[in-house]
Amino acid sequence: MIPYGRQNITDADVAAVVQALRSDWITQGPAIPRFEQALAARVGARHGVAVCNATAALHLACMALGLGPGDRLWTSPITFVASANCGLYCGATVDFVDIDPRSYNMSVVALEAKLQSAQAAGTLPKVVVPVHLAGQSCDMVAIHALGQRYGFRIIEDASHAVGGSYLGQPVGNGRYSDITVFSFHPVKIITTAEGGMAMTNDPVLAQAMERLRSHGITRDAALMEGEPDGPWDYQQIDLGYNYRLTDLQAALGHSQLSQLEGSVARRHAIAQRYDTELAGLPLITPWQSPDAHSALHLYPIQVDPARTAVSRRALFDGLRAAGIGVNVHYIPVHTQPHYRRLGFARGDFPVAEAYYAHALSLPMFPTLTEAEQGTVIAALRRLLG
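Per the working numbering, residue 1 is the first one in the sequence shown, and the count goes up by one each step.
Among the clues, some could well be false.
Distance windows between CB atoms, simulated [unchecked claim]:
id : residue 1 : residue 2 : range
1  : A113      : R341      : 23 to 29 Å
2  : Q336      : A120      : 46 to 52 Å
3  : P337      : G226      : 30 to 36 Å
4  : P337      : A121      : 55 to 61 Å
5  : E277      : Q37       : 40 to 46 Å
6  : G66       : Q148      : 17 to 23 Å
7  : R6        : A378      : 16 to 22 Å
8  : R382      : V81       : 30 to 36 Å
9  : A142      : R219      : 38 to 44 Å
10 : G323      : Q116      : 46 to 52 Å
11 : R341      : T369      : 25 to 31 Å
12 : G226      : I9        : 47 to 53 Å
13 : H268      : A38       : 22 to 28 Å
14 : R307      : Q37       : 48 to 54 Å
Hints are computed from structural coordinates only; laboratory data are not their basis.
The beta carbon of each residue, even a glycine, is placed where N, CA and C say it ideally should be.
Go ahead and model the full structure; you've got the sequences and the hints to work with.
Set out below in structure tokens:
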């Protein structure tokens, strides 16, 4: 089976993990700040806070921004459920903004219209979470400008986008947001097996997330109540979580950074071949914004119902039968049973639902061979006539 995504673990990665395993520290050691500092330097952010997964990073980002009961978080319906769940974890109300039909990212037009209505109703969001779907940045200049006008904070869900850029600058530099979150799941651009990192330029937010990832505990005497009993003393000053990354994972992530540019370049070569060889088929291939250089975590196509009678399901089944592990990214979050119980319904975000009805993600990973990609293309041509 040719999967839609696959990690690339090199001998150097294995050696880095073995070195960490044989060191004095396999968790809470020096490999973690080394990884944080290296990625922060790579993307141009002042601080990186490594955690056990990107969901944890989203949760900590919301907590650090003070999201809580009575507040509202808005995000895209075309994303993994974690982009919305992080708001629910904090007791906030979650809502969605429909997508742009070309980029599949949050629509700035829809966002502005919804903000105008919310301002009149007194229901403005405290936090907006734009999602860089498939690795392509949202229109962050416009979203940031709306944030300044309407007073919301911004968390970029860049789980797909490490290695991507926007307006010539790396995604994650924090120019247009408070916090950016990356994922290091095995199918992402780089991996720590499971893991994530929150990037910020605000030292107060960074300190809060560092504390909250480890039970809300501090050893900083300046933050303690009263004088510490001694150099061994610590205090829990917040209710935090155990969201720590291990040194083994951090060592893998630091090693994987050496692959970042090459991985993104190879993904673009694969996408260029798909673009060229699928051009005559009844498919809608991904549009790339001139303002962004996508990390191309995914290559999502849509079956064009105006040009073929072949359904998305028939194409999915045919490709799977041919040994090609296509997938669908994503089922609109507001249609999930849990969110329907919160009051959402099908039809609420029609552009997102129309995209989902025809979407399919083709294999996209750096070690995809020419022959394997040829197999995918040949199967698409055969199934689509």
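Determine whether the Cβ-Cβ distance between R341 and T369 falls within the hinted range of 25 to 31 Å. 45 Å, violated
46 to 52 Å was suggested as the range; check whether the CB atoms of Q336 and A120 agree with it. 29 Å, violated
Range agreement (Cβ of Q148 with Cβ of G66, hint 17 to 23 Å): Hint holds: Cβ distance 18 Å, inside 17 to 23 Å.
Okay, E277 versus Q37 on CB: inside 40 to 46 Å? With Cβ atoms ~42 Å apart, the hint holds.
C-beta pair R307, Q37: status relative to the range 48 to 54 Å that was hinted: Holds, at about 50 Å.
Can you tell me whether the CB distance of G226 to I9 sits inside 47 to 53 Å? 48 Å Cβ-Cβ, so the 47 to 53 Å window holds.
If I claimed the Cβ atoms of R6 and A378 lie 16 to 22 Å apart, would that claim hold in this structure? 20 Å, holds
Range hint compliance [Cβ, G323 to Q116, 46 to 52 Å]: 50 Å, holds
Assuming the hint says 55 to 61 Å, is it satisfied by the Cβ distance from P337 to A121 or not? Violated, since P337 and A121 (Cβ atoms, about 27 Å apart) do not stay within the stated range.
Cβ-Cβ distance between A113 and R341: within 23 to 29 Å? 26 Å, holds
Okay, R382 versus V81 on CB: inside 30 to 36 Å? With a Cβ separation near 34 Å, R382 and V81 satisfy 30 to 36 Å, so the hint holds.
Has the hinted range 38 to 44 Å been met by the Cβ atoms of A142 and R219? Holds, at about 42 Å.
Hints 2, 3, 4 and 11 from the earlier list are contradicted by this structure; the remaining hints agree with it.
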